[in-house]
Amino acid sequence: MKLLRQLIFPLIAVVAAFLVGAIFVLLIGDSPVETYRQLLGNAFSWPDGIGYTLFNATPLIFTGLAVAVAFRCGLLNIGAEGQLYVASFATAWVCILFGGVVVDVFGQPVNYSIVSLPAIILIPLGCLTAIVVGALWGAIPGFLKARFGSHEVINTIMMNFIAVALVSYFTQYHYKVPGDPILETAPVGAAAHIPRLGKFIPGLPERIPLNLAFILALIACALVYIFLWRTKWGYEIRATGANPTAAEYGGINVRKQIVLAMAVSGGLAGMVGINEVMGYRYRYYDGFSDNYGFTGIAVALLGRNHPVGVIFAAILFAILSRGGIFVDAFTEHVSKDLVQVLQGTIILFVAAEAIFRGPFGRFGLLKRSKV
Amino acid sequence: MKRCPTCNRTYSDETLSFCLADGALLSASEDPQATLTLPSSQDPQETLRIPASQIPQVTQPSPSAPKTTALELRNITKRFGDVLANDHVTISVMPGTIHAIVGENGAGKSTAMRIAYGFYTADSGDIIVDGEVRDIKTPHDAIALGIGMVHQHFMLVEPMTVAENIVLGAEPGSVAGLDLKKAAAEIRALSNEFKLSVDPNATIESLSVGQQQRVELMKALYRRARLLILDEPTAVLTPQEVEEFFAILRNMREQGKTIIIITHKLSEVLAISDDVTVMRDGRVVGELKTKDTNAAELARLMVGREVLLRVEKSEAKPGDVVLSVRDFSVTARDGSRRVDKVSFDVQRGEIVGIAGVEGNGQTELIEALAGLVDPARVSGRVEYLARDITNANARTRKEQGIAHVPEDRHRRGLLLDFNLAENSILGIHYRRPAVAGLGGILLNDSGIQKRAAQVIKDFDVRPPNPELPARALSGGNQQKLIIGREFELEPKLLLVSQPTRGVDIGAIEFIHRKLVSLRDAGCAVLLVSAELEEVTALADRLLIIHEGRIVGEVDPKQATTEEIGLLMTGGKG
Numbered sequence: 451m452k453l454l455r456q457l458i459f460p461l462i463a464v465v466a467a468f469l470v471g472a473i474f475v476l477l478i479g480d481s482p483v484e485t486y487r488q489l490l491g492n493a494f495s496w497p498d499g500i501g502y503t504l505f506n507a508t509p510l511i512f513t514g515l516a517v518a519v520a521f522r523c524g525l526l527n528i529g530a531e532g533q534l535y536v537a538s539f540a541t542a543w544v545c546i547l548f549g550g551v552v553v554d555v556f557g558q559p560v561n562y563s564i565v566s567l568p569a570i571i572l573i574p575l576g577c578l579t580a581i582v583v584g585a586l587w588g589a590i591p592g593f594l595k596a597r598f599g600s601h602e603v604i605n606t607i608m609m610n611f612i613a614v615a616l617v618s619y620f621t622q623y624h625y626k627v628p629g630d631p632i633l634e635t636a637p638v639g640a641a642a643h644i645p646r647l648g649k650f651i652p653g654l655p656e657r658i659p660l661n662l663a664f665i666l667a668l669i670a671c672a673l674v675y676i677f678l679w680r681t682k683w684g685y686e687i688r689a690t691g692a693n694p695t696a697a698e699y700g701g702i703n704v705r706k707q708i709v710l711a712m713a714v715s716g717g718l719a720g721m722v723g724i725n726e727v728m729g730y731r732y733r734y735y736d737g738f739s740d741n742y743g744f745t746g747i748a749v750a751l752l753g754r755n756h757p758v759g760v761i762f763a764a765i766l767f768a769i770l771s772r773g774g775i776f777v778d779a780f781t782e783h784v785s786k787d788l789v790q791v792l793q794g795t796i797i798l799f800v801a802a803e804a805i806f807r808g809p810f811g812r813f814g815l816l817k818r819s820k821v
Numbered sequence: 007m008k009r010c011p012t013c014n015r016t017y018s019d020e021t022l023s024f025c026l027a028d029g030a031l032l033s034a035s036e037d038p039q040a041t042l043t044l045p046s047s048q049d050p051q052e053t054l055r056i057p058a059s060q061i062p063q064v065t066q067p068s069p070s071a072p073k074t075t076a077l078e079l080r081n082i083t084k085r086f087g088d089v090l091a092n093d094h095v096t097i098s099v100m101p102g103t104i105h106a107i108v109g110e111n112g113a114g115k116s117t118a119m120r121i122a123y124g125f126y127t128a129d130s131g132d133i134i135v136d137g138e139v140r141d142i143k144t145p146h147d148a149i150a151l152g153i154g155m156v157h158q159h160f161m162l163v164e165p166m167t168v169a170e171n172i173v174l175g176a177e178p179g180s181v182a183g184l185d186l187k188k189a190a191a192e193i194r195a196l197s198n199e200f201k202l203s204v205d206p207n208a209t210i211e212s213l214s215v216g217q218q219q220r221v222e223l224m225k226a227l228y229r230r231a232r233l234l235i236l237d238e239p240t241a242v243l244t245p246q247e248v249e250e251f252f253a254i255l256r257n258m259r260e261q262g263k264t265i266i267i268i269t270h271k272l273s274e275v276l277a278i279s280d281d282v283t284v285m286r287d288g289r290v291v292g293e294l295k296t297k298d299t300n301a302a303e304l305a306r307l308m309v310g311r312e313v314l315l316r317v318e319k320s321e322a323k324p325g326d327v328v329l330s331v332r333d334f335s336v337t338a339r340d341g342s343r344r345v346d347k348v349s350f351d352v353q354r355g356e357i358v359g360i361a362g363v364e365g366n367g368q369t370e371l372i373e374a375l376a377g378l379v380d381p382a383r384v385s386g387r388v389e390y391l392a393r394d395i396t397n398a399n400a401r402t403r404k405e406q407g408i409a410h411v412p413e414d415r416h417r418r419g420l421l422l423d424f425n426l427a428e429n430s431i432l433g434i435h436y437r438r439p440a441v442a443g444l445g446g447i448l449l450n451d452s453g454i455q456k457r458a459a460q461v462i463k464d465f466d467v468r469p470p471n472p473e474l475p476a477r478a479l480s481g482g483n484q485q486k487l488i489i490g491r492e493f494e495l496e497p498k499l500l501l502v503s504q505p506t507r508g509v510d511i512g513a514i515e516f517i518h519r520k521l522v523s524l525r526d527a528g529c530a531v532l533l534v535s536a537e538l539e540e541v542t543a544l545a546d547r548l549l550i551i552h553e554g555r556i557v558g559e560v561d562p563k564q565a566t567t568e569e570i571g572l573l574m575t576g577g578k579g
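Residue numbers (the working numbering), protein chains in the order written: chain A, 451 to 821; chain B, 7 to 579.
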């Protein structure tokens with residue numbers, strides 16, 4: 451019953467958004483049934499549909515979790531985009547520096563590293579880099595808020611610009627292989643590659659980039675759940691988010707919680723780098739993020755800031771973003787912008803939930819509950 | 007449902023045997039020894055039998071009495087979602103009277119009056135003004151019919167003058183020119199007529215709270231209100247101001263105005279009103295003449311059971327000094343000094359009360375003593391059990407045995423969206439029994455549930471479901487949850503602020519008993535309350551605070567309300 455209550459509004463929001471989307475499709479002059487078949491139907495084929503959907507969902511799970519953790523502390527982290535860029539670049543940098551000899555874009559073996567570490571050390575080191583750098587980048591606006599009271603929304607947005615410009619600059623002027631026409635770094639050492647799931651799952655070809663980072667994302671969901679609801683630190687973060695003055699009364703250092711929550715949030719966003727650099731492209735590719743950080747806000751919102759909800763919401767958004775390509779290709783008039791319409795409408799309907807719920811709930815349909 | 011054979015009033019309370027209006031027997035029983043039976047508080051099976059001789063006898067209304075009511079609500083029903091706020095409420099207010107409507111929080115008294123004033127529309131039922139059924143949809147309709155309402159929280163524009171505030175929304179003169187002179191003259195005339203002594207040219211911010219309230223009255227009078235609805239008008243007033251205010255109300259009654267006063271303070275009901283309507287759970291449970299009733303009866307009707315209005319406590323046996331405050335000052339963020347060099351001690355086994363008009367530094371004093379004020383903003387010295395804790399933080403103080411019941415339970419005391427179990431460990435969430443495993447990182451569910459069950463059981467928190475969010479509880483039960491949580495810490499010092507604000511009478515009695523038993527167990531208690539009756543009843547010693555300074559200490563058993571009230575206003579009265 452409790453679970454049903456949690457599910458019902460996101461479900462209503464999604465269904466309502468699809469109805470609104472259908473009106474648009476009709477107005478444009480296509481069949482909604484056919485369009486939605488293209489949009490959704492391709493997600494469930496084996497192995498490509500499922501494989502790519504889960505691969506696309508991986509970064510969204512990380513960023514969705516990132517936004518959710520910050521939100522539980524009463525903070526709106528708009529900076530996941532910047533955090534994941536900086537973390538991805540740093541991961542690539544570490545994995546190049548300790549990765550040994552690699553084959554560059556011209557097929558020549560080159561060595562950019564100072565030392566060649568084995569996979570058993572380099573992989574954890576790369577993962578740790580992604581988390582720590584993301585956490586540090588996230589902790590900065592947290593610190594600014596705790597120390598000076600400057601608003602995290604403004605600071606995280608501004609730090610997104612800094613992050614994107616910074617990593618672009620480094621890539622272009624310092625870490626690009628001379629002559630490479632693409633804005634990307636040299637490849638990371640083979641020891642830094644994390645296996646694709648095709649290695650373990652029969653019938654799933656290794657060309658599909660779904661990799662161990664997806665499993666890591668699921669583990670992160672479990673850990674975030676334990677952290678938030680089963681540890682004293684999570685209690686303090688949630689108490690701060692629920693009522694900072696009461697948290698202060700309960701002997702909780704509210705400022706510390708703000709920095710901690712932003713650091714954890716940034717670390718989770720940074721884990722996108724593990725999927726991108728170590729599991730997919732094996733290099734830092736400038737501008738790789740398909741707005742993962744911003745879509746993460748929508749994912750967290752639809753997932754009700756709960757790790758389990760985030761998984762489902764991330765998969766839905768992954769289905770939509772991949773389905774958009776099919777809509778573009780196989781319908782007569784409708785373009786993949788339909789996905790934007792659907793995403794926007796879903797968010798609108800999820801946000802409209804506040805009308806029904808909460809202390810100012812107009813209709814008192816559902817009482818607020820803890821999750 | 008029972009019906010009175012003589013006046014045809016109906017009662018839903020099956021336990022009533024007599025009509026509360028004229029004393030006629032409700033049931034068919036002809037027994038001359040009939041008693042008013044009410045369920046006992048101890049044992050619901052048992053009933054209290056009150057001999058007929060003690061039942062208020064109400065004289066039959068004389069034929070000459072005016073038949074037309076000034077305001078009548080007839081069978082008003084109003085539902086908010088699942089909550090039946092008003093259930094066939096019928097209230098008759100005779101012209102030229104002061105009519106009190108009493109009831110606990112959530113009894114529906116404010117709802118009924120807001121319906122009369124057009125804030126809400128009733129689901130069913132009629133509003134009858136001066137004998138005619140009227141359709142009141144907005145406050146404008148009510149004002150047009152001569153009904154005015156003064157809210158508990160004033161609605162005044164501080165930097166503007168009295169006259170400007172009064173005419174706001176009813177500006178005289180043409181569109182082009184606002185004729186303030188004419189308004190000021192009218193206001194002065196009104197002020198003289200009703201002895202309000204308000205200067206129309208003074209700015210609101212320069213007025214005392216009592217004067218501001220008179221401006222609110224004036225606003226209603228200026229709009230030609232013949233019937234005034236006052237919502238908890240005395241909540242913000244000092245005892246002296248209450249007296250003045252009542253004099254004004256009586257004077258207005260002489261002038262033919264009808265006044266409805268919503269309150270939960272029984273002493274005021276008895277002091278000022280002619281008639282009382284008692285509400286409970288959205289229903290009218292009694293209509294009485296004030297002169298024929300008493301506080302105990304009103305309390306019983308309000309709560310639905312026998313209530314102990316006095317605090318029963320033995321003589322205090324003070325022990326060692328637990329808290330010693332010396333030259334202690336607290337500065338607000340804006341730089342103003344809120345607590346100014348106060349010095350006092352609190353000993354084991356005594357309750358020290360601090361009385362004062364709200365906003366005179368009590369809040370800041372208690373928060374600072376609880377460690378919730380930045381050490382940079384306090385000066386002086388605070389010793390607890392002979393240890394200097396002036397700069398200790400909230401957590402350290404709590405660990406050393408200082409518990410704190412904050413004055414604002416929603417802002418400070420509770421995490422409203424957290425459930426009762428989670429709320430029951432706020433402040434001890436990082437130590438046993440709330441944590442266990444992984445070196446004390448993981449929360450210990452069984453320990454938390456045990457603590458929650460303890461608090462819920464010992465402090466009678468209802469409904470007793472630890473999974474409910476704190477938001478779902480009534481004010482009284484929220485307060486019991488907080489007090490229970492703090493008492494379970496077995497504190498050596500308890501800082502308690504407004505322990506019964508917005509709490510039902512039944513819970514007040516319970517909380518008072520618990521405070522006294524904590525004192526008797528050897529705890530030092532520092533109590534702040536805006537309710538003078540409460541501090542004088544509970545405290546063993548009473549300090550009076552005015553503008554951040556302690557201006558006197560009195561023996562609460564000896565001192566009169568006037569004496570204390572005089573000190574509370576800085577001796578100026």
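Honestly, the hints are just simulated from the structure, not real lab data.
One or more hints might be untrue.
To be verified - Keeping only pairs whose Cα atoms sit at most 27 angstroms apart, straight-line, the calculated BS3-like set for lysine-lysine is:
id, chain 1, residue 1, chain 2, residue 2
1, B, 563, A, 682
2, B, 297, B, 271
3, B, 201, B, 187
4, B, 563, B, 498
5, A, 682, B, 187
6, B, 463, A, 682
7, B, 520, B, 271
8, B, 498, B, 456
9, B, 271, B, 187
These numbers come from a predicted model, not from an experiment.
Among all the numbered hints in the text so far, which are the ones the structure does not match?
Of the numbered hints, 1, 5, 9 do not hold.
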